[in-house]
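Peer 1: For reference, the chains in residue letters:
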Amino acid sequence: MSLQIGRKIRKPDSFLTESAGDRALDVIIWILVVFAVLVTAYPFLYVVAISFSDGTAVARGEVWLLPRGFTTETYGMVTGYAQLWTSYLNTAFYTVAGTAANIVFTCLAAYPLSRKRFFLRRKLNFFVVFTMYFSGGMIPTYMVVTGLGLYNSRLAMILPVLLSTYNMMICRSAMESVPEDLFENASLEGASDWYMMLHIAVPLIKPTLAVLTLYYAVARYNDFFSGMLYLGKAELQPLQMFLRRVLLSSSAEVLQAAGTAAADAAARNTLKIRYVCIVLAAVPIFCITPFVQKYLVTGTMLGAVKG
Amino acid sequence: MSGPVNAIQPGRKSLRQLITRDHQLMLMFLPVFLFYIIFCYLPMVGLAMAFEDFKMGSGFTGVFSSPWVGLRWFEQFFSSVFAWRLIRNTFLLSFYSLVFGFPIPIIFAICITQLRARRFAKAAQVVTYLPYFISTVVVVGMMTNFLSPSGGIINQAIKAFGGKAINFMGMPSWFRKLYVISGSWQSFGFNAIIFVAAIMGIDPALYEAMRVDGASRWQQIIHLILPMISDTVILLLIMTLGNLLNVGFEKVYLMYSPAVYETGDVIATYVYRQGIENKNFGYASAVGLFYSAVGFLFVISSNALSRKVTGSSLW
Numbered sequence: 004m005s006l007q008i009g010r011k012i013r014k015p016d017s018f019l020t021e022s023a024g025d026r027a028l029d030v031i032i033w034i035l036v037v038f039a040v041l042v043t044a045y046p047f048l049y050v051v052a053i054s055f056s057d058g059t060a061v062a063r064g065e066v067w068l069l070p071r072g073f074t075t076e077t078y079g080m081v082t083g084y085a086q087l088w089t090s091y092l093n094t095a096f097y098t099v100a101g102t103a104a105n106i107v108f109t110c111l112a113a114y115p116l117s118r119k120r121f122f123l124r125r126k127l128n129f130f131v132v133f134t135m136y137f138s139g140g141m142i143p144t145y146m147v148v149t150g151l152g153l154y155n156s157r158l159a160m161i162l163p164v165l166l167s168t169y170n171m172m173i174c175r176s177a178m179e180s181v182p183e184d185l186f187e188n189a190s191l192e193g194a195s196d197w198y199m200m201l202h203i204a205v206p207l208i209k210p211t212l213a214v215l216t217l218y219y220a221v222a223r224y225n226d227f228f229s230g231m232l233y234l235g236k237a238e239l240q241p242l243q244m245f246l247r248r249v250l251l252s253s254s255a256e257v258l259q260a261a262g263t264a265a266a267d268a269a270a271r272n273t274l275k276i277r278y279v280c281i282v283l284a285a286v287p288i289f290c291i292t293p294f295v296q297k298y299l300v301t302g303t304m305l306g307a308v309k310g
Numbered sequence: 402m403s404g405p406v407n408a409i410q411p412g413r414k415s416l417r418q419l420i421t422r423d424h425q426l427m428l429m430f431l432p433v434f435l436f437y438i439i440f441c442y443l444p445m446v447g448l449a450m451a452f453e454d455f456k457m458g459s460g461f462t463g464v465f466s467s468p469w470v471g472l473r474w475f476e477q478f479f480s481s482v483f484a485w486r487l488i489r490n491t492f493l494l495s496f497y498s499l500v501f502g503f504p505i506p507i508i509f510a511i512c513i514t515q516l517r518a519r520r521f522a523k524a525a526q527v528v529t530y531l532p533y534f535i536s537t538v539v540v541v542g543m544m545t546n547f548l549s550p551s552g553g554i555i556n557q558a559i560k561a562f563g564g565k566a567i568n569f570m571g572m573p574s575w576f577r578k579l580y581v582i583s584g585s586w587q588s589f590g591f592n593a594i595i596f597v598a599a600i601m602g603i604d605p606a607l608y609e610a611m612r613v614d615g616a617s618r619w620q621q622i623i624h625l626i627l628p629m630i631s632d633t634v635i636l637l638l639i640m641t642l643g644n645l646l647n648v649g650f651e652k653v654y655l656m657y658s659p660a661v662y663e664t665g666d667v668i669a670t671y672v673y674r675q676g677i678e679n680k681n682f683g684y685a686s687a688v689g690l691f692y693s694a695v696g697f698l699f700v701i702s703s704n705a706l707s708r709k710v711t712g713s714s715l716w
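Same order as they appear, the protein sequences are chains A and B. Just so you know, we're using the working numbering here: the first sequence kicks off at 4 and counts up by one. Just so you know, we're using the working numbering here: the second sequence kicks off at 402 and counts up by one.
Simulated from the structure, these hints should not be mistaken for laboratory data. Be aware that one or more of the hints could be misleading.
[Said to hold, decoys possible] Some, not all, of what chain B presents toward chain A, calculated at C-beta under 7 Å:
#1 433
#2 483
#3 618
Being a predicted model, the structure only gives us computed values, none of them experimental. For each residue, glycine too, the CB sits at the ideal point set by N, CA and C.
Please construct the entire structure, taking both the sequences and the accompanying hints into account.
Peer 2: Below you can see the structure in the form of structure tokens.
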């Protein structure tokens, strides 16, 4: 970015008015930031408070920030649902296996496309980028995936989303920024492309790969649509589908989904069951995300700067 | 891919030599190539369904054997009462999301960087970007339960102040507002990251120079920060424009119900209902093709615009 300050700034009339203006601005900024933090954090705090509160206090609407009549009873109830654990384990598998496959395929695509001498580079770049311009859309994709026999298969959660072109381009431009000398020297000493990818390109772009791993893992963990399209069997379904049933259907259905012989007491607990499920679903995300925080700027910057 | 003809020139390597030299790179790319062929290009071939009377049960190969019906599905769509409503809803949801969603991260980024309490600023940034990583199911689930007429906190508050409970999620007049507000709530912190980085990249000497000249902090924001981040702002704005019609299908699908189709039903959800639920594959593909084609135009134009304005296109 080039610096352009051609404009002369008008001098303030007096030192006092200027500092008063600055103080007012400070106050406004504080108010805006505190408001932003409250608006973001409050819904989660409220959900946590409800999840730990006594049922009658919740029903009377007494809970708004801190738990009333602290109890972990609902957690005990929810963690007793077999379907919760099945879907949790499914999601763990889809997330770990899916993210690993994502990273491998992203590197396999990004490395050749980042090598300037590769004679197919321009053609393959176009081949890849065209898919960002135009897609067959939902229905033909659905026909292809089911046509391959992937309906009700765990692979349906992994294969159709092996690679995100956008993420791959972030990875490619990171690899392009590795100094060419390193590859040339290694090449002169007889290193193969496989060796150079694994021992030069990949280690040098670790921060970018960390961010991409986060993006991919979050996308796999949050994926609801693939499951809805391709997984009819309950024992294969991911956590997000379980959550949808619990969070967005009526009380009776919630208890049915939870697979419990519904008692009156349980019916009153629908709201609490929902909020407990939100907490259980959000905890892994809130635990993992801060770890890659220091790399986050790298990843987002690369995404916005020319690929 | 067949070999490039123009690669064989006097003084350059022959195709055979190029393949020998780059065979490892080609081998590396092969699995990726297969992925794109199967899951991206094969569906494009499948779009032929849009012009066919596609029979259920023939599988994907039915694309090559179904009877041709020309533009029948397109005529059926554009003459239906839904066409205009779907196009309008899709466009308005995206448009409002852009108008209200785009400036907030910029304002927030400026505020964050102007805070003298650096620790609090850092913490505020982390707290505000976390919702970006929460799933759509959870966000819509929280919103639905908060807004519920029976026991939702918002309606409890309305009743406490003597108002009448509002069935927010069941009213067409609320759909767009809720979609835009919740979308902005979820992403403003994350979208601010890039602007914060851009502002932090400004040379501190420039602030100092302005201060010596007697500029107030408000003037620093207007005459230093805004011009310095304008490149980033324009680039992101153009990118957003390119994806303008990519309404979050998942979110609309989770939020809407027949009661709010009037404002909530978008092209993607209509395609889903027609194709996956009603098995009208030909018709749904035709509507989907129309949607893809319009999206294509948007991306192409935004890239052309980007090349013109910033001198660099996305690809």
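Peer 1: Would the stated hint for residue 618 of chain B survive a check requiring a Cβ distance to chain A of less than 7 Å?
Peer 2: holds (5 Å)
Peer 1: With a cut-off of 7 Å on the beta carbons, see whether residue 483 of chain B makes it to chain A.
Peer 2: Since chain A brings no Cβ nearer than about 17 Å to residue 483 of chain B, farther than 7 Å, the hint is violated.
Peer 1: Would the hint on residue 433 of chain B be counted as holding, given a Cβ-Cβ threshold of 7 Å to chain A?
Peer 2: holds (4 Å)
In the structure shown, a violation is registered for the earlier hint numbered 2 alone.
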